[in-house]
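Trainee: Residue strings, one per chain:
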Amino acid sequence: MEKVLHSNIRTAARLLLEKHIKSTDLLKTSFIKAKNLKKYNAFITLTENEGTSQAENSLQRFQLDKPKSELDGIPIAIKDNFCTNNIKTTCASKMLENFVPAYNATVYERLQDSGACLVGKTNLDQFAMGAGTVDSIYGPTKNIWGYKEGSEEFYISGGSSGGSAIAVSSGACFGAIGSDTGGSTRNPASYCGLVGLKPTYGLVSRHGLIPLVNSMDVPGILTRTVDDCVSILNAVAGFDEKDSTSLTKPYNKIRLPPFNKLGVQGLRVGIPIEYHSEFLRDEVYDTWNEIANILEKYGAKIKQVSLRHTEFSIVCYSILNQCEVASNMARYDGIEFGLRADNHSSTEKLFATSRSLGFNEVVRNRILTGNYFLLTRNYEKYFNQALKVRRLISNDFDNVWEDVQVLLTPTTLSTAPLYKEFIQKTNRDQCALQDYCTQPANMAGIPAVSIPIKLSKNGLPLSLQVMGKNLSEPMILALAKFIEGIVEFKHFT
Amino acid sequence: MIQLTNMIPFNNFKSIKRCYSTAKSKKWKSVVGLEVHAQIFTESKLFSGSSTKFTSPVNSNVSLFDCSTPGTLPVLNKSCVEAGVLTALALNCNINPVSTFDRKHYFYADMPSGYQITQQRSPLALNGKLAFQVYTPGYHKTPYKTEVKIKQVQLEQDSGKSLHDDDRSLVDLNRAGIPLMELVFEPDLKDGEEAAALIKELTSILQRINTCSCKMEEGALRVDANVSIHQEGEPYGTRTEIKNIGSVRGVAGAVKYEIERQIKVKESGGTITNETRAWDAASKITVAMRDKEELQDYRYMPEPNLPPLHVAVGPFTRGCVNVEELKNKIPELPEETRVRLKNEMGLSSEQAIVLVNDTALLNIFETALEKRKISPKLLANFLINEFNTMLNKLDKEAKDIDTSPKFYGDIVELLENNKINRNTAKYLLGKIIENTKETPLEILQKEDLLQISNEEELKEICAKVIEENEKLVKQYKAGKTKVFKAIMGCVSAKTKGKADMGKCEKLLKDMLN
Numbered sequence: 001m002e003k004v005l006h007s008n009i010r011t012a013a014r015l016l017l018e019k020h021i022k023s024t025d026l027l028k029t030s031f032i033k034a035k036n037l038k039k040y041n042a043f044i045t046l047t048e049n050e051g052t053s054q055a056e057n058s059l060q061r062f063q064l065d066k067p068k069s070e071l072d073g074i075p076i077a078i079k080d081n082f083c084t085n086n087i088k089t090t091c092a093s094k095m096l097e098n099f100v101p102a103y104n105a106t107v108y109e110r111l112q113d114s115g116a117c118l119v120g121k122t123n124l125d126q127f128a129m130g131a132g133t134v135d136s137i138y139g140p141t142k143n144i145w146g147y148k149e150g151s152e153e154f155y156i157s158g159g160s161s162g163g164s165a166i167a168v169s170s171g172a173c174f175g176a177i178g179s180d181t182g183g184s185t186r187n188p189a190s191y192c193g194l195v196g197l198k199p200t201y202g203l204v205s206r207h208g209l210i211p212l213v214n215s216m217d218v219p220g221i222l223t224r225t226v227d228d229c230v231s232i233l234n235a236v237a238g239f240d241e242k243d244s245t246s247l248t249k250p251y252n253k254i255r256l257p258p259f260n261k262l263g264v265q266g267l268r269v270g271i272p273i274e275y276h277s278e279f280l281r282d283e284v285y286d287t288w289n290e291i292a293n294i295l296e297k298y299g300a301k302i303k304q305v306s307l308r309h310t311e312f313s314i315v316c317y318s319i320l321n322q323c324e325v326a327s328n329m330a331r332y333d334g335i336e337f338g339l340r341a342d343n344h345s346s347t348e349k350l351f352a353t354s355r356s357l358g359f360n361e362v363v364r365n366r367i368l369t370g371n372y373f374l375l376t377r378n379y380e381k382y383f384n385q386a387l388k389v390r391r392l393i394s395n396d397f398d399n400v401w402e403d404v405q406v407l408l409t410p411t412t413l414s415t416a417p418l419y420k421e422f423i424q425k426t427n428r429d430q431c432a433l434q435d436y437c438t439q440p441a442n443m444a445g446i447p448a449v450s451i452p453i454k455l456s457k458n459g460l461p462l463s464l465q466v467m468g469k470n471l472s473e474p475m476i477l478a479l480a481k482f483i484e485g486i487v488e489f490k491h492f493t
Numbered sequence: 001m002i003q004l005t006n007m008i009p010f011n012n013f014k015s016i017k018r019c020y021s022t023a024k025s026k027k028w029k030s031v032v033g034l035e036v037h038a039q040i041f042t043e044s045k046l047f048s049g050s051s052t053k054f055t056s057p058v059n060s061n062v063s064l065f066d067c068s069t070p071g072t073l074p075v076l077n078k079s080c081v082e083a084g085v086l087t088a089l090a091l092n093c094n095i096n097p098v099s100t101f102d103r104k105h106y107f108y109a110d111m112p113s114g115y116q117i118t119q120q121r122s123p124l125a126l127n128g129k130l131a132f133q134v135y136t137p138g139y140h141k142t143p144y145k146t147e148v149k150i151k152q153v154q155l156e157q158d159s160g161k162s163l164h165d166d167d168r169s170l171v172d173l174n175r176a177g178i179p180l181m182e183l184v185f186e187p188d189l190k191d192g193e194e195a196a197a198l199i200k201e202l203t204s205i206l207q208r209i210n211t212c213s214c215k216m217e218e219g220a221l222r223v224d225a226n227v228s229i230h231q232e233g234e235p236y237g238t239r240t241e242i243k244n245i246g247s248v249r250g251v252a253g254a255v256k257y258e259i260e261r262q263i264k265v266k267e268s269g270g271t272i273t274n275e276t277r278a279w280d281a282a283s284k285i286t287v288a289m290r291d292k293e294e295l296q297d298y299r300y301m302p303e304p305n306l307p308p309l310h311v312a313v314g315p316f317t318r319g320c321v322n323v324e325e326l327k328n329k330i331p332e333l334p335e336e337t338r339v340r341l342k343n344e345m346g347l348s349s350e351q352a353i354v355l356v357n358d359t360a361l362l363n364i365f366e367t368a369l370e371k372r373k374i375s376p377k378l379l380a381n382f383l384i385n386e387f388n389t390m391l392n393k394l395d396k397e398a399k400d401i402d403t404s405p406k407f408y409g410d411i412v413e414l415l416e417n418n419k420i421n422r423n424t425a426k427y428l429l430g431k432i433i434e435n436t437k438e439t440p441l442e443i444l445q446k447e448d449l450l451q452i453s454n455e456e457e458l459k460e461i462c463a464k465v466i467e468e469n470e471k472l473v474k475q476y477k478a479g480k481t482k483v484f485k486a487i488m489g490c491v492s493a494k495t496k497g498k499a500d501m502g503k504c505e506k507l508l509k510d511m512l513n
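Residue numbers (the UniProt record's numbering), protein chains in the order written: chain A, 1 to 493; chain B, 1 to 513.
Just so you know, the hints here were simulated from the structure itself, not pulled from any lab data.
It cannot be assumed that every hint is accurate.
Claimed, not checked - With a Cα cut of at most 27 Å, we get these calculated BS3-like pairs of lysine-lysine:
1. Lys419(B) to Lys242(A)
2. Lys503(B) to Lys349(A)
3. Lys446(B) to Lys494(B)
4. Lys373(B) to Lys494(B)
5. Lys104(B) to Lys381(A)
6. Lys419(B) to Lys509(B)
7. Lys373(B) to Lys342(B)
8. Lys469(A) to Lys261(A)
9. Lys264(B) to Lys190(B)
10. Lys78(B) to Lys249(A)
11. Lys215(B) to Lys149(B)
12. Lys242(A) to Lys78(B)
13. Lys503(B) to Lys464(B)
14. Lys68(A) to Lys33(A)
15. Lys425(A) to Lys148(A)
16. Lys490(A) to Lys249(A)
17. Lys477(B) to Lys419(B)
18. Lys388(A) to Lys104(B)
19. Lys349(A) to Lys161(B)
20. Lys39(A) to Lys381(A)
21. Lys53(B) to Lys242(A)
22. Lys151(B) to Lys129(B)
23. Lys437(B) to Lys498(B)
24. Lys373(B) to Lys329(B)
It should be emphasised that the depicted structure is a prediction, and the values quoted were computed from it without experimental measurement.
Throw the hints in and build the complete structure from the sequences for me.
Mentor: Right, here's the structure in full:
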C-alpha cells in the first residue's frame, strides 16, 4: 500500500476503481506515514476524524462503482492558512492557535466535493510571511532531502508552504494545497523536488484563504507529477461567487496528452536575462542552460528576452506586501476571534496587548512598516509609486508575450539552504533573495510552474520555472510535462 | 417628535421669532454644510447576505464576513448599487462609470476588520445639485427657494454598535456592514432652518425613490453639520463639526445653537477651534466631544478584494446596473409635486410645501381626491388645519393614523355640499380617527347628524327659539345687536349643532326685524 502512496493519482484511482485497494486503507497508510515522518514537522494537525469519514464515504461510492471524480479517495493535505470547518486553522501563529473556523475555504470545499480525503493541515511561516517555513510557532519544517538521521543540521523545506511540500514529497499524500503570494508554493516545490503550480490570479478562488497580500495571493498546488497537478487544478479551478476577484470565464478542464504525444516543435521559449542574478548558483545556471538546449534540440525556438523592471520587483513587492499586511492584520484585535490578552483596563490596551502577544516579530515589523507607508504623507511616495512599478513589471510581461509564448527561468537561485545558514539572514533579506525569480509572476498575476529537473552534487533537487501569459495553464503545464518526461526526475522514496 | 409640518400653536410664534432676531447679528454671516449618512433600504447588507432588519435580536444579523472572520471576502450587493445610483440621479449628480472602493483604517471595537470599506478616491457619483423650498410655518413669513450643491455620493459600510456599561463594554454587530450612502453637501446653507429644510427635502426624495426609510429614530438617517461664521467680505471662519444629529428639529436647533455660540465666542474675543461637537437634544446645546485624539490618519488604501464598480452610463450594457433603466424608475420628485399641486390644483405655495413635507398627509390628500369632485384647496385646508391640529393634540403624526384616506374626502365632500357644517366636520374627523371602520356617512346616519337645511323646519326652530328667549329678543330689539350671537347659539344648541347656520342667520334676522 505504501507503494501506491508513492505512485500517482491516476494509478491510485485505477486501483481504487478496480477495487484492488480501498480508500480507507489508503488513507490509513497516509496517517501511518505522516506519523512516522513526524520528525520533518510537515503537519500542524492530522485530521483523522474528518479524513476517515471522508474515506469511508469514498469507499461506499467505490462499492457502488460511483466515484465522484478521479480524486475520489485520494489523500491530500492543505496548508494551515485555508479555513476548514470545525478544524483548527492556525496560520502557525499564536494569534490563531485556537481558531476553529465555521466554514470551508472554496478550495477545500471543492476537493471534498470531488471525493478527496484530508490527511491534515500543514506547517507554514506565520501567516505565510516567510520563505523557509522556519517562522512557525510549531517549529521549522525540515527538508526530507539531505536529511541525516541524528544530525542537528538539516536543510530547510522552503516556504512558506514547506509543510505542504514535505507532506507530498514524503509520500504522506498525493497532493497538497499551498498558497503563493511571492513564490510560497514554487519555492518549496523547487527545494523539495516537486511540481508547484501558481495558477493565474483569479482562476482559483481565494475565499477561505487567510490573506497575506490579497492582490497577489493565489492557492497553489504541490504534487509529484504534472498530471497530478492537473487533476487537482481541474477540481479546484473556476468561478466562485464568494470571491469577487475570481474570473467569471468558464473553466475548461485541462487534458494533457501522454508524454510521447507531446512536442515543442516551434514553441517560442524566452530566456529573460534579468533572471541571471549575481546570486544565481552555477549548478542552477547549468541546469537552466541544459534544459534550454534540450528544448532547442527538440525544435523549440529559444530566444533571449528582457524583462527590464525585474530588479525593482522585490522592493515594490515589499512595500505592497507590508501595506496589505498592515491592513489585513487590523482585524486581529482579540474581540471576535483569535487570541485575547488578559488586559481589560481599556479597549485600546486590550487590542495592543493581544496583538503584541499574538504576532511574532516578522508580522509586527510588517504591520509597522505598512502603516508607515500608508500614512497620508507617504502614500504617493511609497504605495502609489509601488503600484506604478507593479504596472511596469506587468507591462514587461505583456511586451514579452509578443515575442515568446513561455518563459523558462530558475525557480530559486540555489538548492535548499541549510537551516543554520538560512536563519543568519533576516526574514526580510531572505524573502528578497528567495522570491527573486518567483515574485514577478505574482505582480503580473500570470501562471507559473516549478518543475524538478535533477539532483545537485550534494543530492538536493534542482528545479526550473515555466511562466506563461494569463490563463495559459494548458500550455505551461504541457511544457512542464514534456520536460518532466525528458528529465525523469527520481522522487524521494 | 414634532415635525415642522405640524401646526405650531399660535402663541408660540412670538417666542421663536424673538430668538431668531437676537441670534441674527447683522455683521456675522454663517455657513453651514451637511454630510448625511443614509442607510440604504435593502434586505441584505452591503457585502454579505445578512439581514438588515432593525428589530432583530442583538448579534443575530451577523455573517462570517460581518464579524471579519479571516479568509472571508466582500461581495457587493447589486441592489445597493441601484439604490445609490437612483439616489444620485434624484440629486442630479454625475454618475461615475467606474468607481472604486477603499479601506479606511481605524481601530474600534465595533469595527471588526479594523477598517471601513468606503469610496474615498473615486465615489459612485459627483457634482449634484438640489433646489428646495425653505418654509417653517411661524418662522418664515413666506416660503423661499434655495439650492445646495452635492459634492459626492459614496457607498460605504456602517459600523457596529458599542454599548458601554460601568465595568464592561459590549458590541452588537447587527449594524456592522449595513449599506450606507454618504451624501456630502457643499457648504451652501446659511442657517439651521435651511439645514432642516434640506433634510426634509432629502427625506421626501429618498422615501419616494424608496432608497432609505429615513427613520431618524432608528438611525437610518444621520446628519453631521459643519458650521462656521465670518464677516461679510472676509474668508470663511474655522468650522466645527456637529456629529450624528438624530432629528430634523435637532438639525435646526444644533446649527442655530452652534452659530450663536460661535458668535458669542468671537464677540468676546475668543477663537473657534476646529473640533467635533455633539448635539445634546435634551438640553439643546452642542458640547465638545471628549478630547479628540490628535488628528487621525486613516491610512486609506484601495480595497483589493473588490474589482472596480462599473455602472453603465448611456447605451451600453457593461456594468452591474444601467443608468438609463434606473432613470425611468424615478417617480415624481417633491419639487415636481409642489409645482403640480400649485399649478394643477390651485393650492398655495404654503399648502403645497406642507403637504409635500409630510408624505403620509400628501398620500391622504391625493387618495381622498381620487374619483370625486371636491375643491382641492378646501381639502388641503381641512387636512392642514383641522386634521393636523387634532393630530397635534393627540401627539401623533399622519403616518400613525390608518383611517382610509377616502373618509377625509367624504367629510370634505359633505361639507362642500352643505350636508354638514364645520362643527360636524370636526366632530366626524375626531370619530374617524378613533374608529377606522365606520364611514363618515354611516356615523352621520347613526347619530343623525345631517345638517338641517330645510327652510320650513329651520323657520319653526327659529320661531321656537325666539319664543323661548324673550329676554334676549327684548335686548336685541332694544338695540343691543351683540346678543344676536347668543340667539344664534341657542339655535345651534337646540339643533345639536346641525342647523345650517348661514340660513338660520338670515331667517332670524328676518324674523327679528
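Trainee: To test your reading of the hints: which numbers does this structure violate?
Mentor: 1, 2, 4, 16, 17, 20 and 24
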